[in-house]
Every structure is written in structure tokens, then in C-alpha cells.
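Residues 205 to 461, numbered by my numbering, are exactly what the sequence shown covers, in order.
It is worth saying that the hints were derived from the structure and are not from the lab.
It cannot be assumed that every hint is accurate.
Result set (DMTMM-like, lysine to aspartate or glutamate): computed pairs, CA atoms no more than 20 Å apart in a straight line [said to hold, decoys possible]:
1. K252 x D274
2. K252 x E217
3. K252 x D228
4. K252 x E289
5. K252 x D284
Now the in silico label distances, taken between C-beta atoms and shown as ranges [to be verified]:
6. A444 x K252: 13 to 23 Å
7. R413 x P240: 29 to 39 Å
8. Y319 x S225: 26 to 36 Å
9. T357 x S225: 22 to 32 Å
Backbone N, C-alpha and C define an ideal beta-carbon position, used for all residues, glycine too.
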Amino acid sequence: MTDASRIETVAIEGGGAAARSALDHSPLGTIQIARPPVAELAYRTLVKALLGVRGFRLDFNRMPPDAAIDLVADRLFGPDAYRAERAGLSADITALADFAGDLTGGAPSISLRSYFAPGDLVWHVDRVLEGPAFRLLWPIGRVAGMRVTPADTIDAGLYRAYMQREYPLLGQLDSRVLHQGGDVAALWAHRPVQLAAMQTGEYPFVIDRTREVQVAAGAASIHRVETPAQTGVFHRSDWANRTAPGLQVVVNVADPQ
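Using the sequences and the accompanying hints, generate a full structural model.
Written as C-alpha cells, this is what we have:
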């Protein structure tokens with residue numbers, strides 16, 4: 205029997221089939237992959253440099269990871285900067301993307317971002333109109349792991365009403381932080397109830413907070429995305445991540461149509 209109070213840790217070496225089985229049998233719809241801390245990465249200087257620039261997002265758009273990393277490093281730091289470290293970061297992204305692709309047999313879609321989206325502090329489900337789909341997140345240098353909870357801990361009616369009101373405002377907040385920066389607490393100070401929920405996780409639509417489980421800090425995680433064929437996973441970021449979002453490698457995969 206799978207323990208509903210913990211997230212199973214899998215290894216890339218175990219292969220995509222074993223990981224897919226773990227996901228399909230997980231009550232939380234989530235697995236995690238242990239990753240080294242930033243201090244142990246051979247490309248840590250490059251990571252720290254990327255985290256030191258203003259928040260950005262890069263969609264690889266089918267570019268191989270080595271070309272995408274060259275593109276962003278060339279633009280931000282110059283053509284010769286961190287040249288020796290680029291291959292290591294690219295290789296690790298490639299390994300994770302290939303692993304995620306093996307979950308479904310579909311081509312992985314990769315993006316890289318370094319900014320924090322405040323809307324991620326609110327419980328939400330990722331959705332696509334494809335076959336069974338999954339999202340891998342590797343937040344290099346993030347201080348706290350993603351939080352997940354079973355769907356039956358969310359009051360569907362209250363959640364729907366809450367998001368009908370909040371979703372447009374959260375989108376505006378995300379856009380402002382991406383393009384202008386700013387402190388979430390200061391930007392949301394005029395909405396103290398909503399800000400307090402972001403800080404504490406005490407949302408009015410959560411039935412039982414004791415069933416909330418956290419991905420290990422520094423680990424990569426894979427969770428189910430909601431599609432017409434499967435339910436998605438409710439997840440949110442930790443308040444601590446607002447000032448240390450990490451260099452986020454995101455890989456989306458879906459069963460080929």
C-alpha cells in the first residue's frame with residue numbers, strides 16, 4: 205500500500221516506466237528525484253550568476269538544452285562567460301527531460317525561469333487539453349519544496365468561488381512582479397486577508413491542512429497535470445520561496461496524440 209502521507213523518491217536510473225507506475229499509484233500524484241545542493245554542482249558559478257540577474261523566462265522551443273543555455277548565457281554575460289560550466293548544466297537538463305519524456309513517449313517541452321510568480325502561492329492545478337500529461341520542476345537553489353495536497357482536501361465550491369474572484373488579480377500581480385519586480389508583501393498589503401493566506405497557507409477552501417505534504421527542498425518533482433483523461437494535482441509554492449525562487453527548470457510532457 206502506498207503511503208499517502210509522503211512523496212515517493214525515484215531515481216533516473218530506474219527508468220521512466222517505473223516512475224510512471226509510481227505516479228499512477230501515488231495518492232498525491234507526485235514523485236520526487238533527489239538532486240545535489242547548489243554548492244555541490246560543478247556549474248554552481250553559472251547558476252549563481254543566472255540567479256543574480258533580473259528575473260527572466262526562456263522557452264526552449266525545441267532547441268536542445270546546450271543551444272538554449274548558450275543563448276541565454278551569451279545574451280546575459282557574453283559569448284565566453286562561464287563556457288566551461290555550460291555543458292554540465294545542459295547535460296543535467298537533458299537527462300531530466302529525457303527521463304520525463306519516457307513517462308509518456310511524448311517530446312518534452314522545456315523552459316527555464318528565474319523569477320517568482322506570486323500566484324504560485326495559491327493552491328492551483330495545471331491543466332492542458334491533451335492526453336495524460338506531467339510536469340517536472342527542478343528549482344535549483346530554491347529554499348523550500350513545493351507543497352501538494354489530495355483533491356478531496358479542497359472544497360470545490362469554495363475554491364471555485366475564491367478563484368473566480370482572485371484569478372484575474374493574481375495574473376496582474378504575476379505580470380507586475382515579472383516586468384517590474386517588487387516585494388509581494390508590499391504589493392499585496394492592501395489585501396491583508398489574502399496576503400495572510402499566502403504567508404500561512406490558511407485558505408478558506410482547504411478542508412484538512414494536515415494532509416498537505418512538501419517536496420524535499422532542492423529535489424526535482426514530477427506531478428500529474430489535469431487533462432480530459434486524468435485529474436491534476438493541487439499544489440502551491442512555499443512563502444519562503446518568494447525571495448529565493450531558484451533557477452527553475454520546467455519540463456512538460458504528454459502522451460502523443
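Legend entry - Structure versus earlier hints, numbers of those that do not hold, lowest first: Numbers 2, 3, in rising order.
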